[in-house]
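Taken in sequence, the protein lines are chains A and B.
Heads up: the first sequence runs through residues 1 to 157, numbered per this note's numbering.
Heads up: the second sequence runs through residues 158 to 1158, numbered per this note's numbering.
Derived by calculation from the structure, the hints in this document are not laboratory data.
Here a beta-carbon is modelled for each residue, glycine too, at the ideal position from N, C-alpha and C.
Some hints here could point you the wrong way.
List of simulated lysine-lysine pairs, DSS-like, C-alpha gap at most 30 Å [claimed, not checked]:
#, chain 1, residue 1, chain 2, residue 2
1, A, Lys141, B, Lys713
2, B, Lys1032, A, Lys131
3, B, Lys537, A, Lys131
4, A, Lys153, B, Lys857
5, A, Lys106, B, Lys879
6, B, Lys1032, A, Lys70
7, B, Lys733, B, Lys799
8, A, Lys145, B, Lys713
9, B, Lys357, B, Lys255
10, A, Lys70, B, Lys1144
11, A, Lys141, B, Lys438
12, A, Lys153, B, Lys713
13, A, Lys131, B, Lys1015
14, B, Lys799, B, Lys857
15, B, Lys438, A, Lys152
16, A, Lys106, B, Lys1015
17, B, Lys537, B, Lys953
18, B, Lys1144, A, Lys152
19, A, Lys70, B, Lys733
20, B, Lys711, A, Lys141
21, B, Lys878, A, Lys131
22, B, Lys879, B, Lys799
23, B, Lys708, A, Lys141
24, B, Lys464, A, Lys107
25, A, Lys145, B, Lys708
26, B, Lys464, A, Lys131
27, B, Lys395, B, Lys857
28, B, Lys631, A, Lys70
29, A, Lys131, B, Lys711
30, B, Lys537, A, Lys152
31, A, Lys145, B, Lys711
32, B, Lys395, A, Lys131
33, B, Lys1032, B, Lys854
34, B, Lys744, B, Lys857
Derived contacts from chain B toward chain A, CB cut-off under 7 Å, selection only [what the hints assert, rightly or not]:
#, residue
35, Asn470
36, Thr485
37, Lys486
38, His702
39, Glu712
40, Lys713
Spelled out from the first residue to the last, the chains are:
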Amino acid sequence: MVTEAQPKENEVVSDDKEGDFEPKIIGFLCNWCSYTGADLAGVSRLQYPPNFIPIRVMCTGAVDPVYVIKALLEGADSVLVAGCHPGDCHYLSGNFKARRRIAILKKLLENLGLEERRIRLEWISASEGQKFADTVNEMVKETKKMGPNPIKKEWDI
Amino acid sequence: MEKKVGAVMVLGAGITGMQTALDLAESGFKVYLVEKRSSIGGVMASLDKTFPTNDCAMCTIAPTLVGTGRHHNIEILTVSDIEKVEGEAGDFTVSVVKHPRYIDEEKCTGCGLCSQYCPIEAISEFERGVSVRNATFVPFPQAVPLVYRIDRTKCIGCGLCEQYCKANAVNYAQEDETVNLNVGSIVLSPGFETFDPTVKSEYGYGRFPNVVTSIQFERILSASGPYAGHVLRPSDGKHPMKIAWIQCVGSRDEQVDKGYCSAVCCTYATKEAIIAKEHTKGTDCTIFYMDMRTYGKGFEEYYNIAKNQYGVNYIKCRVPHIEEIPETKDLKIIYWDENGERKEDVFNLVVLSVGMKPSQDFKEIAEKFGIELNEYGFCKTEYFSPLKTSRNGIFVGGSFSSPKDIPDAVAQASGVASKASGPISSERNSLVSVKEYPPEIDIGDEPRIGVFCCHCGINIGSVVDVPAVSEYAKTLPNVVHTEHNLYTCSQDTQDKIKDAIKEHNLNRVIVASCTPRTHEPLFQNTIREAGLNPYLFDLTSTREHVSWVHKNDKEKATEKAKHMVAMAVEKVRRNKMVHLSSVESVKAALIIGGGIAGMTAALDLADQGFSAYIIEKENELGGNLRNIHHLLNEGDPHRELKSFIEKVENNPAIEVFTNAKLENLSGYIGNFTALVRQCEDTKEIKAGAIIVATGAKEFKPENRYLYGEDPRVMTQLEFDKKLHDEGFSGKNIVMIQCVGSREEGREYCSRICCTEAIKNALVAKELNPDANIYMLYRDIRTYGFREKVYKDAREKGVMFLRYTNDKKPIVEKDGDDLKVSVYNANIKKDIVIRPDVVVLSAATVPYEENEELAQIIKVPLTSQNFFLEAHMKIKPVDFAAAGIFLAGTCHSPKFIDETISQASGAASRATTLMSKKELFTEGISVVVDEERCAGCGLCEDNCAYDAIKVNEGTGFAEVNEVLCMGCGACTCICPSNVPFLRQFEPKQLIAMVDKALEAEG
Chain A
1 MVTEAQPKEN EVVSDDKEGD FEPKIIGFLC NWCSYTGADL AGVSRLQYPP
51 NFIPIRVMCT GAVDPVYVIK ALLEGADSVL VAGCHPGDCH YLSGNFKARR
101 RIAILKKLLE NLGLEERRIR LEWISASEGQ KFADTVNEMV KETKKMGPNP
151 IKKEWDI
Chain B
158 MEKKVGAVMV LGAGITGMQT ALDLAESGFK VYLVEKRSSI GGVMASLDKT
208 FPTNDCAMCT IAPTLVGTGR HHNIEILTVS DIEKVEGEAG DFTVSVVKHP
258 RYIDEEKCTG CGLCSQYCPI EAISEFERGV SVRNATFVPF PQAVPLVYRI
308 DRTKCIGCGL CEQYCKANAV NYAQEDETVN LNVGSIVLSP GFETFDPTVK
358 SEYGYGRFPN VVTSIQFERI LSASGPYAGH VLRPSDGKHP MKIAWIQCVG
408 SRDEQVDKGY CSAVCCTYAT KEAIIAKEHT KGTDCTIFYM DMRTYGKGFE
458 EYYNIAKNQY GVNYIKCRVP HIEEIPETKD LKIIYWDENG ERKEDVFNLV
508 VLSVGMKPSQ DFKEIAEKFG IELNEYGFCK TEYFSPLKTS RNGIFVGGSF
558 SSPKDIPDAV AQASGVASKA SGPISSERNS LVSVKEYPPE IDIGDEPRIG
608 VFCCHCGINI GSVVDVPAVS EYAKTLPNVV HTEHNLYTCS QDTQDKIKDA
658 IKEHNLNRVI VASCTPRTHE PLFQNTIREA GLNPYLFDLT STREHVSWVH
708 KNDKEKATEK AKHMVAMAVE KVRRNKMVHL SSVESVKAAL IIGGGIAGMT
758 AALDLADQGF SAYIIEKENE LGGNLRNIHH LLNEGDPHRE LKSFIEKVEN
808 NPAIEVFTNA KLENLSGYIG NFTALVRQCE DTKEIKAGAI IVATGAKEFK
858 PENRYLYGED PRVMTQLEFD KKLHDEGFSG KNIVMIQCVG SREEGREYCS
908 RICCTEAIKN ALVAKELNPD ANIYMLYRDI RTYGFREKVY KDAREKGVMF
958 LRYTNDKKPI VEKDGDDLKV SVYNANIKKD IVIRPDVVVL SAATVPYEEN
1008 EELAQIIKVP LTSQNFFLEA HMKIKPVDFA AAGIFLAGTC HSPKFIDETI
1058 SQASGAASRA TTLMSKKELF TEGISVVVDE ERCAGCGLCE DNCAYDAIKV
1108 NEGTGFAEVN EVLCMGCGAC TCICPSNVPF LRQFEPKQLI AMVDKALEAE
1158 G
């Protein structure tokens, strides 16, 4: 939608408390809503830092928790799972499945001594380019505050 | 029985002609696409970006260009003119003269050597005279067909081209050739020309080098244009830091016999100003306008962004003349601002926003085809049949019937395809051939990957170091070939990809470019033509996800692009061949909404030989048209409505459910199942396609301007009814425009209210010529030929008083009287009127039910709750979800003729799928690894489509491929990873995650 197509100034993350720390963020984006929303962010030239790398999946309901854990083990500093708004899932209920899985994953993360905020679930529709860019900007900011994901170092994986 | 021919001739191959041709060819008709220029693509191919999404025009049009160029049922005749037309509807014979290119179309490979060695330069028509081309040339690098042409008016006959052509394609002896085409229907979409502003000598075009037309400026902005995407001015090649646009050059101007409004210039000038500012920071852009007419979907929001965020200056003034300052070649403009003060300003460059005018050959076309033109020299059409010419069997699309923007033209293009094929639908599939692909190559075990990195003009290349990415890709596992191209989507690159597949024995292909949403099918088709299974492909987005969003960090953007290519390699090397299962489509469509849009779509589908079900929530058909009592010389709305309803009700192929509501929708393209509730009953309806045509309504501006408090304050529709029921004998009428539109909370323009208000004003004037009518407006948006009614109204004495959004008029009661005060900038004080009635031009708003409906059919809405189409520019009637289409005011506010065009367009899109013998299922289905299946049944519970079930006989899970939508929900729940989704297998995703996190990109 066009109201989002605004050249909002890049929210440059300048108040970087962690010095040179540049987080790595992996995002699993559903094909129908969030990937399209991310495309719209591009079309609208909304700026966000290159710390974010997208992986397109057909549905958030097909994001196996293993992928998220694997990303964290391999050193991702946070992981985004983004899909259609509740009720809008192209496959009827995939996003609800994702919601349940992410809730459990977050618990698991806490038990591992990690901030549950390292996993973020967002509903981003095809028309929400702005929301997508905002989400990435916020995540980069917040992950910088949290600092690097310690798992990879601690466990020497 | 009369003879009917299952072929259609389309004249003119701009975006409209191409879309019409594609829709017709996809519905089973042979198409002859005749174009006078040497490439198809029309004006859109020469635009830089398109509003309101700022998509690159070439990227947007490329799939259509390539798709048209390679469609096996579209025969393209370029450099061709019409000689004569004989016969009748159903069986025309059109004689077409193919002029010589002097280069053999069959032999030319488009390599360009001939042009490289040609010593002669001529002015480039495609670059609108801003740069030169050779005498041997193609108009633009992405031309379709990519065949060179010798301009013999410039050629000196030196013979160099002949000498250098390795394909022996040059043939100076070529002559005119006449081809006779036997077709059942004819579609005319010859496009428009831009107004030549030399006749308006006061603007100095042609005398002052730094006065350019808007279309020249498009080329100046374009990455592939004369200055390679640098915004420079012609006189000295310097960056112009102050640019002015002058609107309405050759539009709304009786002096040059162009009384109409060209409908697109306000928004394109806004776009050009935005892009100019994006190119060079600090550029000062000023647009001099008469009324800002940003009436289309998303346009007003775009205008606001230009004003408020980009800081484009808008000055309401018709500029009288331009002076050149001889020393600097700068341009001085003297103008009067809204307060009547004389000002002057100096600009480095002035862009004349030239209007659309009828092409020179419109008259000739009209004569040869025996059709009538209107008073402006465009094709004559009727309000309720906007796609028909005055002659049976000949139809019209695009700007031939009136100036219009691309979305309207594309909707019309599909619509006219439906109208042209309806009468000959009995001959469907009689003249078409089935596309034959080469047999699929056995790919062996060892992946051999080719990576094609796209510069996308400068879209990617200006941020990402594309050659470096291409070099890097060479180091990746299984990659045996890489290259980088200016436009990977162009026809010549498609051939390069096919050649590379053969030369390097590639069995996997990666393109790093725009987005798989728009371009994946194009590349998949290309590799299929080279014998590869289309699923041995991946597209990674280095534009939407890299260059466009990281433009300030080139180094990291390049790193990210490398990561993304490496991830794609990890994915694609594990891709396997996939064969989709196919189904037959149900030959019926479900139409939601029984207004003029729904009824038009139903009638069109019935003409095509399909059934249609209309579900209407009210107890009768008709929708909003029931509330309209007057039209301007456009027919009697009641009579038209009655005729529509009769046709629908008497058509055996159409079934209408009134008082009905869609409760649930399941299934997929070709095989939807709708649950429809009608009173207490529910009924199941099977449909191959869904058309959403639910309409919109007039906003009730409660608590504003005394509406709802004083009966003398009413909306335009209420006033229209009052005029019809009671007549009008009052003296003073005040109309207030933009009530609920173009303001905070509802930013969009409702498009129809200016014309509607003027119509009611004229009707009231007719009933009481002594009535004083004051119209309080912000901009009068009578775009296109509607400008005439604005002129009529002024001539008949309707008074137009402008107000601004920050100083809205005030309506109050003064005793028993109504009192309206409005600030006037010219006299710098309030004008007070004591009217008998106040008529509010209230916004057109979407129904609240849209939200529920959108959830049921799983389609998106805009932030204002109108339905959101797949692409604002080139897919105006499709939803992103396959098999679902939209039409009418549920898309955005629009007029009846526009609604009818769009509804026919939706019918055409539905026809393209329902007419196919087999329809391939949407997604890649899940595959089961039986050996590891324990038959636990968890997958069964997780499937929303009942597509996976444990077979009681074998004890293993089984997938029903037709029902499976390929979401992959079952793949995550299975404890032993038995079901997996092709292309998204766990090992692929894990490998991508690993690669994404590797240190070196």
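Verification of the supplied hints:
no.	hint	verdict
1	Lys141(A) to Lys713(B)	17 Å, holds
2	Lys1032(B) to Lys131(A)	24 Å, holds
3	Lys537(B) to Lys131(A)	46 Å, violated
4	Lys153(A) to Lys857(B)	63 Å, violated
5	Lys106(A) to Lys879(B)	63 Å, violated
6	Lys1032(B) to Lys70(A)	39 Å, violated
7	Lys733(B) to Lys799(B)	57 Å, violated
8	Lys145(A) to Lys713(B)	21 Å, holds
9	Lys357(B) to Lys255(B)	36 Å, violated
10	Lys70(A) to Lys1144(B)	12 Å, holds
11	Lys141(A) to Lys438(B)	27 Å, holds
12	Lys153(A) to Lys713(B)	24 Å, holds
13	Lys131(A) to Lys1015(B)	20 Å, holds
14	Lys799(B) to Lys857(B)	27 Å, holds
15	Lys438(B) to Lys152(A)	43 Å, violated
16	Lys106(A) to Lys1015(B)	29 Å, holds
17	Lys537(B) to Lys953(B)	26 Å, holds
18	Lys1144(B) to Lys152(A)	21 Å, holds
19	Lys70(A) to Lys733(B)	24 Å, holds
20	Lys711(B) to Lys141(A)	20 Å, holds
21	Lys878(B) to Lys131(A)	44 Å, violated
22	Lys879(B) to Lys799(B)	21 Å, holds
23	Lys708(B) to Lys141(A)	19 Å, holds
24	Lys464(B) to Lys107(A)	48 Å, violated
25	Lys145(A) to Lys708(B)	24 Å, holds
26	Lys464(B) to Lys131(A)	23 Å, holds
27	Lys395(B) to Lys857(B)	53 Å, violated
28	Lys631(B) to Lys70(A)	27 Å, holds
29	Lys131(A) to Lys711(B)	24 Å, holds
30	Lys537(B) to Lys152(A)	72 Å, violated
31	Lys145(A) to Lys711(B)	25 Å, holds
32	Lys395(B) to Lys131(A)	39 Å, violated
33	Lys1032(B) to Lys854(B)	24 Å, holds
34	Lys744(B) to Lys857(B)	40 Å, violated
35	Asn470	17 Å, violated
36	Thr485	31 Å, violated
37	Lys486	31 Å, violated
38	His702	6 Å, holds
39	Glu712	9 Å, violated
40	Lys713	4 Å, holds
Checked against the numbered hints given earlier, the structure breaks hints 3, 4, 5, 6, 7, 9, 15, 21, 24, 27, 30, 32, 34, 35, 36, 37 and 39 and satisfies all the rest.
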